[in-house]
Amino acid sequence: MEFNIPHQPLTSLFLRFLRFGFLAWGGPVAQIAMIRRELVEEEKWIGPEKFNRVLSVYQVLPGPEAHELCVYFGMLAAGRPGALLAGLGFMLPGFVLMLALSWFYVAYGINSPLFQSVFMGMQPAVAALIVRAVHRIGSHALHQNIWLWAIAFLAGIAQMLKLNFLVTLLAAGSIYALAGRKQKRLAFLLAAGFAVWLIVAGFAQPQATQGLPDATVASTNNASLLTLFWSGLKSGLLTFGGAYTVIPFLQQDAVQAGGW
Numbered sequence: 000m001e002f003n004i005p006h007q008p009l010t011s012l013f014l015r016f017l018r019f020g021f022l023a024w025g026g027p028v029a030q031i032a033m034i035r036r037e038l039v040e041e042e043k044w045i046g047p048e049k050f051n052r053v054l055s056v057y058q059v060l061p062g063p064e065a066h067e068l069c070v071y072f073g074m075l076a077a078g079r080p081g082a083l084l085a086g087l088g089f090m091l092p093g094f095v096l097m098l099a100l101s102w103f104y105v106a107y108g109i110n111s112p113l114f115q116s117v118f119m120g121m122q123p124a125v126a127a128l129i130v131r132a133v134h135r136i137g138s139h140a141l142h143q144n145i146w147l148w149a150i151a152f153l154a155g156i157a158q159m160l161k162l163n164f165l166v167t168l169l170a171a172g173s174i175y176a177l178a179g180r181k182q183k184r185l186a187f188l189l190a191a192g193f194a195v196w197l198i199v200a201g202f203a204q205p206q207a208t209q210g211l212p213d214a215t216v217a218s219t220n221n222a223s224l225l226t227l228f229w230s231g232l233k234s235g236l237l238t239f240g241g242a243y244t245v246i247p248f249l250q251q252d253a254v255q256a257g258g259w
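Position 149, counted from 1, in the sequence shown is what numbering that gives the first Met the number 0 calls 148; the numbers after and before it change by one each time, with no gaps.
No wet-lab data here; the hints were simulated from the structure.
Do not rely on the hints blindly, as some may be mistaken.
To be verified - Pair by pair, the computed Cβ-Cβ distance ranges are:
#: 1; residue 1: Phe-228; residue 2: Trp-148; range: 26 to 32 Å
#: 2; residue 1: Val-125; residue 2: Phe-228; range: 28 to 34 Å
#: 3; residue 1: Glu-48; residue 2: His-6; range: 49 to 55 Å
#: 4; residue 1: Met-74; residue 2: Trp-259; range: 34 to 40 Å
#: 5; residue 1: Met-121; residue 2: Gln-250; range: 30 to 36 Å
Claimed, not checked - With a straight-line cut-off of 30 Å between C-alpha atoms, the simulated DSSO-like cross-links for lysine-lysine are:
#: 6; residue 1: Lys-183; residue 2: Lys-161
#: 7; residue 1: Lys-233; residue 2: Lys-161
#: 8; residue 1: Lys-49; residue 2: Lys-181
#: 9; residue 1: Lys-233; residue 2: Lys-43
From the three backbone atoms N, C-alpha and C, an ideal C-beta is built for every residue, glycine too.
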């Protein structure tokens with residue numbers, strides 16, 4: 000199979016990833032599936048195996064994988080300027096939309112029944128989009144391999160328990176690396192140990208949540224710009240495994256600790 004990376008003008012490249020940004024509904028899973036479908040399956044910039052390897056690397060790094068993938072493809076198409084413009088184009092629509100909605104929320108609030116009904120109606124549609132994206136990505140990533148299915152099962156349980164995704168990533172990579180090197184006993188022992196950790200962490204989780212500040216009590220103090228910047232920077236630096244892992248960090252700062 001031949002792969003073709005088009006060397007596009009910077010303006011065309013920016014507009015293309017700006018379009019991705021306008022279509023980036025449904026969270027990182029749906030966004031990654033969209034990028035994969037258009038650039039890998041349809042236009043064949045790179046092969047599926049290489050895409051999976053690149054995605055695995057970005058899942059270990061902090062930050063949103065979909066945005067990082069756009070930077071990667073921009074780099075392939077037009078070097079460093081292309082990487083910068085592709086990342087900016089993908090990020091810009093969401094940034095502008097969130098800025099506008101945040102202003103509207105502060106100025107007018109969104110407690111009216113009309114707005115609540117609109118957002119409640121959008122949630123099932125977004126959920127369906129995510130389920131479809133998970134199916135598309137999973138069908139390419141799992142193949143017919145019992146080890147991959149076992150890892151996916153354990154990782155799914157870990158996510159339902161809201162455990163640290165970085166630990167899950169490291170365990171999953173180690174298990175499959177050992178299995179691929181014919182060290183199946185060690186891989187099985189590591190998988191069993193990871194399963195035991197899931198059980199222990201799952202039972203310990205309810206106790207760990209005790210003593211947290213009441214999330215319903217809001218603070219009347221406005222956070223400083225430095226506090227806001229530090230909260231966002233910390234969330235970006237310490238969140239591994241995708242954009243969904245940012246939410247607990249922001250929730251801790253904005254709701255439980257700060258009462259914003």
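Quiz prompt | Violating hint indices (sorted, rising) | solution = The structure breaks hints 1, 3, 5, 9; every other hint is satisfied.
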